[in-house]
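Visitor: Using the sequences and the hints given, assemble the complete structure.
What follows is each chain in one-letter form.
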Amino acid sequence: MEALLPLIILSPFIGAAIIGIWGLFSSSFRHQEKLIGTIATLAVVLPFVLVLNTFLSYEHGKPVSFHLFSWMATKNFSVDFSYVLDEASLLMGLIVTGIGSLIHIYSIAYMHHDKGFYRYFLYLNLFIFSMNNLILGDNLLVLFLGWEGVGACSYFLIGYWFEDMAKAMAAQKAFVANRIGDFALLVAMFIIFTSTGSLKFSEISLSGDVAFWVALLVFIAATGKSAQIPLYVWLPDAMAGPTPVSALIHAATMVTSGIYLIARMSEVFLQVPGVMILVAVIGGLTAILAALIAIAQNDIKKVLAYSTVSQLGFMFMALGAGAFSTAIFHVMTHAFFKACLFLGSGSVIHAMEHMHLVDDPQDIRTMGKLGKYMPSTSKTFWISTLAIAGIFPLSGFFSKDEILGKLFAAGHEHVMYYAVWAVGMITAVLTAFYMTRVTFLTFNGKKRFPEEGHPHESSPLMTIPLWILAGLAIVGGFLGLPAVVGHGHYNWISEHWLSISKAPIIVNRILHADLTTEWILIGISFCVAIGGVYFAYSLYSKYDLQADLKVKSFFGSMYRVMENKFFIDEFYNAAIIRPFVWLGNYAIMPFDKKFIDGLVNGSGYLVYSAGSVFRQLQSGLVQKYALLMFIGVVVLLGYAIFG
Amino acid sequence: MQFNIQDLIQTMPLVMLLVTGLLLMLSDAFNLRSLLPWLAGLGLTASLVLALPLQPGDQAIVPVYNNMFLTGGLASFVHIALCLGALFSLFFIQDFFQRAGKVVDEIYAILVFSVIGMIMLANSNDLAVTFIGLETMSICLYVMAALLKTRQSSNEAGLKYFLLGSFATGFLLFGMSMLYGITGTTQFTLMSQTDMSGNILFLPAVLFILIGFLFKVSAFPFHNWTPDVYQGTPTPLAGFMATASKTASFIALGMFLHQTMPVLDEKIFWILVGSAVISMVYGNIVAARQTNLKRLLAYSSIAHTGYVLLGLASGKEGFIAVIFYAFIYTIMNVGAFGLIGMNEIEEEDAEVSRWNGIGLRKPWFGVAMSVFLFSLAGIPPLAGFMSKYQVFFAAVRSELYVAAIIGVLASVVGAYYYIRVIVNMYFTKSETETSHALPSCAMSPTIGVFVLAALTLALGIFPSPVYTWIESLFQGSGMLAMAGF
Numbered sequence: 001m002e003a004l005l006p007l008i009i010l011s012p013f014i015g016a017a018i019i020g021i022w023g024l025f026s027s028s029f030r031h032q033e034k035l036i037g038t039i040a041t042l043a044v045v046l047p048f049v050l051v052l053n054t055f056l057s058y059e060h061g062k063p064v065s066f067h068l069f070s071w072m073a074t075k076n077f078s079v080d081f082s083y084v085l086d087e088a089s090l091l092m093g094l095i096v097t098g099i100g101s102l103i104h105i106y107s108i109a110y111m112h113h114d115k116g117f118y119r120y121f122l123y124l125n126l127f128i129f130s131m132n133n134l135i136l137g138d139n140l141l142v143l144f145l146g147w148e149g150v151g152a153c154s155y156f157l158i159g160y161w162f163e164d165m166a167k168a169m170a171a172q173k174a175f176v177a178n179r180i181g182d183f184a185l186l187v188a189m190f191i192i193f194t195s196t197g198s199l200k201f202s203e204i205s206l207s208g209d210v211a212f213w214v215a216l217l218v219f220i221a222a223t224g225k226s227a228q229i230p231l232y233v234w235l236p237d238a239m240a241g242p243t244p245v246s247a248l249i250h251a252a253t254m255v256t257s258g259i260y261l262i263a264r265m266s267e268v269f270l271q272v273p274g275v276m277i278l279v280a281v282i283g284g285l286t287a288i289l290a291a292l293i294a295i296a297q298n299d300i301k302k303v304l305a306y307s308t309v310s311q312l313g314f315m316f317m318a319l320g321a322g323a324f325s326t327a328i329f330h331v332m333t334h335a336f337f338k339a340c341l342f343l344g345s346g347s348v349i350h351a352m353e354h355m356h357l358v359d360d361p362q363d364i365r366t367m368g369k370l371g372k373y374m375p376s377t378s379k380t381f382w383i384s385t386l387a388i389a390g391i392f393p394l395s396g397f398f399s400k401d402e403i404l405g406k407l408f409a410a411g412h413e414h415v416m417y418y419a420v421w422a423v424g425m426i427t428a429v430l431t432a433f434y435m436t437r438v439t440f441l442t443f444n445g446k447k448r449f450p451e452e453g454h455p456h457e458s459s460p461l462m463t464i465p466l467w468i469l470a471g472l473a474i475v476g477g478f479l480g481l482p483a484v485v486g487h488g489h490y491n492w493i494s495e496h497w498l499s500i501s502k503a504p505i506i507v508n509r510i511l512h513a514d515l516t517t518e519w520i521l522i523g524i525s526f527c528v529a530i531g532g533v534y535f536a537y538s539l540y541s542k543y544d545l546q547a548d549l550k551v552k553s554f555f556g557s558m559y560r561v562m563e564n565k566f567f568i569d570e571f572y573n574a575a576i577i578r579p580f581v582w583l584g585n586y587a588i589m590p591f592d593k594k595f596i597d598g599l600v601n602g603s604g605y606l607v608y609s610a611g612s613v614f615r616q617l618q619s620g621l622v623q624k625y626a627l628l629m630f631i632g633v634v635v636l637l638g639y640a641i642f643g
Numbered sequence: 001m002q003f004n005i006q007d008l009i010q011t012m013p014l015v016m017l018l019v020t021g022l023l024l025m026l027s028d029a030f031n032l033r034s035l036l037p038w039l040a041g042l043g044l045t046a047s048l049v050l051a052l053p054l055q056p057g058d059q060a061i062v063p064v065y066n067n068m069f070l071t072g073g074l075a076s077f078v079h080i081a082l083c084l085g086a087l088f089s090l091f092f093i094q095d096f097f098q099r100a101g102k103v104v105d106e107i108y109a110i111l112v113f114s115v116i117g118m119i120m121l122a123n124s125n126d127l128a129v130t131f132i133g134l135e136t137m138s139i140c141l142y143v144m145a146a147l148l149k150t151r152q153s154s155n156e157a158g159l160k161y162f163l164l165g166s167f168a169t170g171f172l173l174f175g176m177s178m179l180y181g182i183t184g185t186t187q188f189t190l191m192s193q194t195d196m197s198g199n200i201l202f203l204p205a206v207l208f209i210l211i212g213f214l215f216k217v218s219a220f221p222f223h224n225w226t227p228d229v230y231q232g233t234p235t236p237l238a239g240f241m242a243t244a245s246k247t248a249s250f251i252a253l254g255m256f257l258h259q260t261m262p263v264l265d266e267k268i269f270w271i272l273v274g275s276a277v278i279s280m281v282y283g284n285i286v287a288a289r290q291t292n293l294k295r296l297l298a299y300s301s302i303a304h305t306g307y308v309l310l311g312l313a314s315g316k317e318g319f320i321a322v323i324f325y326a327f328i329y330t331i332m333n334v335g336a337f338g339l340i341g342m343n344e345i346e347e348e349d350a351e352v353s354r355w356n357g358i359g360l361r362k363p364w365f366g367v368a369m370s371v372f373l374f375s376l377a378g379i380p381p382l383a384g385f386m387s388k389y390q391v392f393f394a395a396v397r398s399e400l401y402v403a404a405i406i407g408v409l410a411s412v413v414g415a416y417y418y419i420r421v422i423v424n425m426y427f428t429k430s431e432t433e434t435s436h437a438l439p440s441c442a443m444s445p446t447i448g449v450f451v452l453a454a455l456t457l458a459l460g461i462f463p464s465p466v467y468t469w470i471e472s473l474f475q476g477s478g479m480l481a482m483a484g485f
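Heads up: the protein sequence lines correspond to chains A and B, in order.
Going by the numbering used here, the letters in the first sequence line up with residues 1 to 643, in that order.
Going by the numbering used here, the letters in the second sequence line up with residues 1 to 485, in that order.
These are calculated hints, taken from the structure and not from any lab test.
Check each hint, because a few of them may be wrong.
As the list claims (entries may be wrong) - Taking lysine-lysine pairs in the DSS-like style, the calculated list, with each CA pair at most 25 Å apart, reads:
1. A:Lys62 - A:Lys75
2. B:Lys316 - A:Lys75
3. B:Lys362 - A:Lys115
4. B:Lys429 - A:Lys115
5. A:Lys447 - A:Lys372
To be verified - Covered stretches of chain A, going by a simulated chain B footprint (3 or more residues, C-beta under 8 Å):
6. 65 to 78
7. 169 to 178
8. 185 to 198
9. 630 to 639
Each residue gets a CB set at the ideal place from its N, CA and C atoms; glycine is no exception.
Guide: Here it is, written out as structure tokens:
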């Protein structure tokens, strides 16, 4: 079996190569949807089987590694295409390839009859390839390869339906926001290599100032990829892509890679408590901001997108508290229920589109009572909603409760964590509320689309993945039972699988609260979730869409701000993009023209008399260029002699 | 001075090129028109093969003709790289001029002669050879720029390039004469043995020579000609101009600086770094505002010059990275210009808006362009990533932290405009259907695109063979070790 491991990396690549090359040169191949779908799906199922097999036969503390070839080997710098399957990467690998497989299957039905069917699966396979590089690479450069690769694939998939310019712009926005993060990661890599002489995760050990800068830069990189303040703005716009893509890339896998990276570098982060607090605070602020925005949105995918940003905020809170394995736990449970929610929304959008009766198939105001027509979608959506809201005993309850518990315990280290904990609690209430709202308005209540419409349940290719994910969303939480049960011995993720004594990949800060506090916290979590769901359910079942008015009056003038996403896009436009354009348009571009023109007019005679020679030239810029060169010479000479 | 048959054997690759050039002119006279591209290709390949090291141990530089010219070792590598640059461009030339409706048979001879000039420039060990090489190269380039006589922009480009180039050469020559006056020799190696630290003229002399080179590589503040000239020059030749001539100039500059000054003068060092930083920032910001692909690539080439200058300021490791960078840049930029040329009949075809939706009309065309653009933007696993990474890495190791960070940031910002072209190719519908059947699907440029795109990918995933080859050329104690390498 060991000899087959390279296929985890290579198989999606081979799949992409077959589909890409064949599709590029044969137009008849492009329409063979079943063949393309099968190739693409098999290319992802195979790595899943291999990762699962390694996982089942894994011995703790004995990472399995494999090596493809040397990427770069010079005297001072060498890096290999080598990969490691350890506790952390196996867990992520299972999520990526497992959910990836389900979404490939789902996409076969969802993308049926799409013009660019082969392109879609090409990007999807390439995405899995890049993602596998990102999580399995044993050094930062291979991770960076994956990091850029997933960014590029995400970019192509966001702009996949290129017909309207807004989508192309969304793609570009995503790319630029991600590049800012990439910049930070590159600089961090330079620093790490100069101070340790290696880019391997196992050999990175930093301290002092170096640790501080590396931690800060890695965190900035993570805010780009994992959509945190101030770089989160691209994720809601990224919803322009096909819905399965939103589920795979923008909910379950790619956006969690920032969290994964920080968790892998936990030892560095633990040395700089200041940065840890920053991580927690940014996470908390992002969580509550996104939750507030989500309440006032009417586009089903936008709500889910902001909810993703908000949940990612929870993961960052956990990272900031030093509970790295808890963050990974939430990555996992979130992958289950959020992928299910997105795929469910895709099923809904599909049904709405096929009625051809509404303008915007994503607007929840024109839905309602869909549960009657789409029972599977409705049931799985409700399960996942209750899971994300944190209803006991679904998976979201356990992971979210653990995060909040750890934050409270970290309050001993620094008071700031209590504040973050409080913000987390409020966000939990808001989450329960807006998720119930969107689900209720979609599947229950009054029928708000035209009477003659008869939406249909999607095909089994789409509903089976939904049920599998919903099942995981129900039971996934039992992998991390809270500390009150048998003193944490049954918390499989933190105490068993990722435990420090067995595998020092992810090192957690030691955080303990006494039993009474734990019980009280669990009680609060329990009530908060139930309360939020119950309140929203009763409100919306009583007033239906009109309940939004009640919410509006409750928030007062705040509501308008929430509706407009806190005007962050407008703010960025005014504060960053416009000055940048201005710089290009009015400062640098005319620098040559205006500045030189002025000089020419001022010192005119010599140049103008020479100008007659060049009269044939259209622009006569030669003299000006020569003059600029001359000025350059004078300045440099001045520096060389007098400087 | 004595004629030595051994020297002639050592310079066989160059003689081969000279013979090819002459044969090309003769065949032109005898109306053997269809043979020309083949003959040029054959001659360049033969010269390249002759320059290949015979055995792996063949790594030392051998000075010939009384130490005036260098062969073997690094010089052979440079020879090979420059011949390859010309060969890559050759794929695109004939098809382009055919579609432009011009028969320009002299281009093949000019191309080969310009390569001779470049090789002389890059492998010279003497100011006189440097100058002859530089002028041979430049005059060929001026002619290339003006080759499309019916296009006004081409005429203008030729004249502009010639006038400004002569201006810059004036500085260069002045610097050389001063240097000769101070040291009494024109040989680099002998200069390094003269103590010139107290001489007040030394710094200006070196500076003037540096200025001549900075013009050739279009570094700030001597970059102004670049966009106009690249835009007017027949597209495949602009690609050749932007890559091979710069490669030669960079290597000549690096060898000159390091051989005359085993310890780089501090002021020269800061001028290099300053020019590098401003070129990177300026090139990237202005490129973002361009709507014409050739101008966009011209500004991007100013930015790339900035990265390379940063490498030149970073010592031996930096110089290795620079040579590697120039090689990779040749591949991806000749490819990008070649593709623009394939999609061009009239001048306006190089406007970005003419490329709308082309990625969907002609899938392989769009994929190839995306490969080159992503590589230019420095996205792994394409070759442009590793080369850029090595340059910045060398800068960091030379403790040029701030400059390296600005460079990384500038290249991150720079990715924006490459991506914008991809947006146009894939995510924008074409508003005007062009009447002519574009892009060209002729055999030779298509093969060229595939070869270059494959190399861009392959050298990104397996950069080691080329890189370690360059690195091995610097090992041991030879001329390079004496020169501070």
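Visitor: Each hint should be assessed against the structure and marked as holding or not.
Guide: These are the hints, each one checked on the structure:
Straight-line distance between C-alpha atoms of A:Lys62 and A:Lys75 comes to about 30 Å, which puts the hinted pair past the 25 Å bound. Between B:Lys316 and A:Lys75, the direct Cα distance comes to roughly 12 Å. Compliance with the 25 Å bound is thereby established for this hinted pair. Proximity of B:Lys362 to A:Lys115 is assessed by CA-CA distance (about 15 Å); at most 25 Å being required, the pair is judged to hold. Simply put, B:Lys429 and A:Lys115 have alpha-carbon atoms about 15 Å apart, close enough for the 25 Å limit, and the pair holds.
About 10 Å separates the Cα atoms of A:Lys447 and A:Lys372, which keeps this hinted pair within 25 Å; it holds. Look at the stretch 65 to 78 of chain A against chain B: 9 of its residues bring a Cβ nearer than 8 Å to a Cβ of that chain, three or more, so the hint holds. Interface restraint, the stretch 169 to 178 of chain A with chain B: holds (4 residues with C-beta to C-beta distance below 8 Å; minimum three). Requiring three or more residues with a Cβ within less than 8 Å of a Cβ of chain B, the coverage given for the stretch 185 to 198 of chain A holds, as 5 such residues are present.
Under a criterion of three residues with beta carbons nearer than 8 Å to beta carbons of chain B, the stated coverage of the stretch 630 to 639 of chain A is upheld, 7 such residues being counted.
When the structure is compared with the earlier hints, a violation turns up for hint 1 alone.
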